[in-house]
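Student: Sequence:
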Amino acid sequence: MTVRTRFAPSPTGYLHIGGVRTALFNWLFARKHGGTFILRIDDTDAGRNVEEALAPILSGLRWLGIDWDEGPEVGGPCAPYFQSERAAGHRAAAERLLAGGHAYRDYARPEELDEERKAAQAAGRPFLYSRRFAAFTPDDAARFEAEGRQGVVRLKMPREGTLVIDDAVRGRVEFAWDREQDHVVQRADGSCLYHLASVVDDHDFRISHVIRAEEHLSNTPRQAFIAMALGYPLPAYAHLPLVAEPGSRTKLSKRKLAQYLKNPDFRQVAEHGTRIAERIGLAPEADTFNPVIVDFYREVGYLPWAIDNAMALLGWSYDDKTEFFSRDELVAAFTLERINSSPASFDPKKLWSVQDHYMHALPVDDKLALMLPFLVKAGLVDAPATPGQTAIVRRVIEASGDRLKVAGDILAYADFFLVEEPPMDPKAVEQKLAKPGVAGLLGRYADAIRGVASFEPGPLEEATKAFAAAEGIKLGDLVHPVRVALSGRTVGPGLYDCLAILGAPRALERLERARAQAG
RNA sequence: GGCCCCAUCGUCUAGAGGCCUAGGACACGGGCCUUUCAAGCCUGUAACCGGGGUUCGAAUCCCCGUGGGGUCACCA
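Under this note's numbering, read the first sequence as residues 35 to 553, first letter to last.
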């Protein structure tokens with residue numbers, strides 16, 4: 035069987051983390067079976083600024099390595115891949131539905147339908163349209179039109195029997211036909227609605243497996259009905275568990291950001307990212323820049339595969355211990371059978387730890403290539419970076435080790451090496467510098483290391499320990515003020531690394547300058 | 001409200017009748033290391049929604065509750 039899957043986003047202007055998971059699973063399944071992964075743009079609704087609203091979605095998928103074999107910008111045998119450009123086919127399908135007696139023109143006004151709905155509700159029985167404004171003959175239609183009514187095309191859903199779907203995730207799911215509504219598939223102006231368009235396009239694209247979020251499970255009967263009425267074979271269905279809010283089982287939504295921010299883990303990740311974004315001049319708006327949206331991770335410097343790997347673990351698992359997969363490993367390991375059926379809440383901290391894992395394993399050269407652009411954007415190095423700057427940054431990366439969790443973290447670790455007078459954190463000054471005797475201590479320490487033959491971590495450590503011993507003080511009582519003197523803050527790479535990277539002249543100059551603020 | 005789905009540590013999950021005094025990961029607590037912050041190492045707390053069945057035996061199968069979620073548009 036030829037596997038063809040699709041991801042069909044509507045151009046909303048952003049790529050949602052839940053969408054990523056859906057796209058990823060479709061992609062994985064296609065790759066696993068040597069099939070085809072198709073990207074279709076479901077833009078049947080309004081269509082204004084489609085191009086602009088589409089850009090973040092395409093670039094987001096590309097960044098994540100979720101490449102599509104057919105779709106926008108790459109084309110393919112089933113083109114066009116924009117639903118709005120396939121309207122003729124949708125209309126033809128609506129005609130066939132009508133001709134086959136599987137749909138009818140309906141002239142009910144919305145308020146008339148509402149009345150029926152309310153009456154049914156009041157009577158405590160499920161609503162089922164009376165079809166009293168259905169035009170089953172041309173005469174009916176003419177009569178209704180004479181009344182000034184406009185006709186839409188409605189599905190003539192069966193009112194007895196059941197539909198059985200064999201869902202790859204959920205197993206057998208049964209629906210009673212008499213609970214399904216006569217949904218509108220074509221408006222009076224001739225434009226077709228999503229469900230019709232989607233079924234027709236899926237068939238035209240020869241989609242073999244419809245892999246989508248659980249929210250579509252309830253839509254399946256009407257889509258299956260359309261497909262059957264049109265004589266299409268049904269695709270295999272796999273309904274993925276919803277990606278839920280942090281610490282909840284409610285569907286994750288971009289709109290409820292303020293609420294998610296109350297979750298400490300979520301807030302921590304969001305604030306960390308915002309801090310980085312601000313330093314590279316992004317002035318992000320919380321509305322479009324937050325951990326629910328893929329651009330957030332890209333701007334802040336996460337590794338795309340870390341996102342993919344983390345998302346793969348949302349609702350899917352391989353076994354009881356394997357968590358990290360290379361691309362090939364994941365493709366090989368992935369199966370629909372091991373998708374979970376209960377909702378999975380999105381945990382930004384878990385994603386963070388996966389990111390940590392991959393950043394940890396990244397070679398220094400790769401880190402350098404990733405991080406340099408952040409320093410350029412922040413104005414801390416030239417574009418392109420000079421060899422001298424590059425050398426410093428490389429040493430900072432080496433010295434910082436696992437402290438750099440995302441590429442953007444380099445800003446907080448490299449900045450004080452790259453500017454002549456780093457800002458002094460008032461709190462750090464107060465706690466470590468403004469103590470009695472510190473000024474004198476810094477002066478004597480400067481003299482002590484001035485004579486170090488080789489200004490490198492090893493010799494510096496020796497000299498520093500010897501100095502502390504000679505002074506009769508604990509190493510910490512020396513190291514802390516020196517660190518603040520050099521960097522302006524209390525955290526950073528190891529002190530001997532800081533000294534060495536700075537170099538003797540600048541280090542001594544900073545020690546001297548800091549004495550003015552010391553006690 | 002109707003229909004549908006779901007139900008194991010706070011979170012992601014393993015578990016397809018005995019291997020379960022329920023395993024792993026994240027988070028959290030404690031300890032070690034240590035010049036800070038990370039990392040690393042050791043260690044701890046923590047779960048089968050409830051009730052009935054079936055069975056020699058149930059986290060696993062069935063039923064009923066309860067709880068949560070999704071969906072019921074001339075949105076996608």
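Please keep in mind that the hints were generated in silico from the structure rather than gathered at the bench.
Owing to the predicted nature of the structure, the values given are computational and were not obtained by experimental measurement.
Treat each hint with caution, since some may be false.
Below 27 Å or equal to it, Euclidean Cα-Cα: the simulated DSS-like pairs (lysine-lysine) are [unchecked claim]:
no., residue 1, residue 2
1, Lys296, Lys285
2, Lys66, Lys461
3, Lys439, Lys288
4, Lys439, Lys384
5, Lys355, Lys296
6, Lys401, Lys288
7, Lys384, Lys355
8, Lys383, Lys469
9, Lys469, Lys355
10, Lys355, Lys66
11, Lys190, Lys152
12, Lys285, Lys190
13, Lys469, Lys508
14, Lys469, Lys439
15, Lys296, Lys190
16, Lys411, Lys401
17, Lys383, Lys288
18, Lys401, Lys296
19, Lys411, Lys290
20, Lys383, Lys401
21, Lys384, Lys401
22, Lys401, Lys290
23, Lys461, Lys401
24, Lys285, Lys384
25, Lys355, Lys383
26, Lys499, Lys469
27, Lys461, Lys439
28, Lys384, Lys461
Student: State for each hint whether it applies.
Tutor: A quick look at each hint next to the structure:
1. Straight-line distance between C-alpha atoms of Lys296 and Lys285 comes to about 17 Å, which keeps the hinted pair within the 27 Å bound.
2. With a C-alpha separation of about 55 Å, the suggested pair Lys66 and Lys461 falls outside the 27 Å cut-off, and the hint is violated.
3. The suggested pairing of Lys439 with Lys288 holds, with an alpha-carbon distance near 25 Å, which does not exceed 27 Å.
4. Pair hint Lys439 plus Lys384 holds up; C-alpha atoms about 13 Å apart against a cutoff of 27 Å.
5. Annotation: proposed proximity of Lys355 to Lys296 is violated, straight-line Cα distance about 31 Å (limit 27 Å).
6. For the given pair, Lys401 sits about 31 Å from Lys288 by alpha-carbon distance, which is inconsistent with the 27 Å threshold.
7. With a C-alpha separation of about 15 Å, the suggested pairing of Lys384 with Lys355 holds against the 27 Å cut-off.
8. For a cut-off of 27 Å, the pair hint linking Lys383 to Lys469 is broken: about 38 Å separates their Cα positions.
9. For a cut-off of 27 Å, the pair hint linking Lys469 to Lys355 is broken: about 51 Å separates their Cα positions.
10. Proposed proximity of Lys355 and Lys66 is supported: the alpha carbons are some 21 Å apart, at most 27 Å.
11. Under the criterion of a C-alpha separation no larger than 27 Å, the hint pairing Lys190 with Lys152 is consistent with the structure, at around 21 Å.
12. With a C-alpha separation of about 31 Å, the suggested pair Lys285 and Lys190 falls outside the 27 Å cut-off, and the hint is violated.
13. Between Lys469 and Lys508, the direct Cα distance comes to roughly 15 Å. Compliance with the 27 Å bound is thereby established for this hinted pair.
14. Taking the CA atoms of Lys469 and Lys439, the gap is about 33 Å. The hint is violated against a cut of 27 Å.
15. Taking the CA atoms of Lys296 and Lys190, the gap is near 47 Å; set against the 27 Å cutoff, the hint is violated.
16. For the hint pairing Lys411 with Lys401, the CA-to-CA distance comes to about 16 Å; that is within 27 Å, so the pair holds.
17. Annotation: proposed proximity of Lys383 to Lys288 holds, straight-line Cα distance about 18 Å (limit 27 Å).
18. Our distance criterion of 27 Å between C-alpha atoms is broken by Lys401 and Lys296, whose separation comes to about 33 Å.
19. Between Lys411 and Lys290 the alpha-carbon distance is near 30 Å, which puts this suggested pair outside the 27 Å criterion.
20. For the given pair, Lys383 sits about 22 Å from Lys401 by alpha-carbon distance, which is consistent with the 27 Å threshold.
21. Restraint check for Lys384 and Lys401: satisfied, since their Cα atoms lie roughly 22 Å apart, inside the 27 Å limit.
22. Under the criterion of a C-alpha separation no larger than 27 Å, the hint pairing Lys401 with Lys290 is inconsistent with the structure, at around 34 Å.
23. At most 27 Å may separate the alpha-carbon atoms for a hinted pair to count; Lys461 and Lys401 exceed this at roughly 31 Å.
24. As the CA atoms of Lys285 and Lys384 are separated by approximately 18 Å, the hinted pair is consistent with the 27 Å bound.
25. A hinted pair counts as satisfied when its Cα atoms are at most 27 Å apart, and Lys355 with Lys383 qualifies at roughly 19 Å.
26. A hinted pair counts as satisfied when its Cα atoms are at most 27 Å apart, and Lys499 with Lys469 qualifies at roughly 21 Å.
27. About 25 Å separates the Cα atoms of Lys461 and Lys439, which keeps this hinted pair within 27 Å; it holds.
28. With a C-alpha separation of about 32 Å, the suggested pairing of Lys384 with Lys461 is violated against the 27 Å cut-off.
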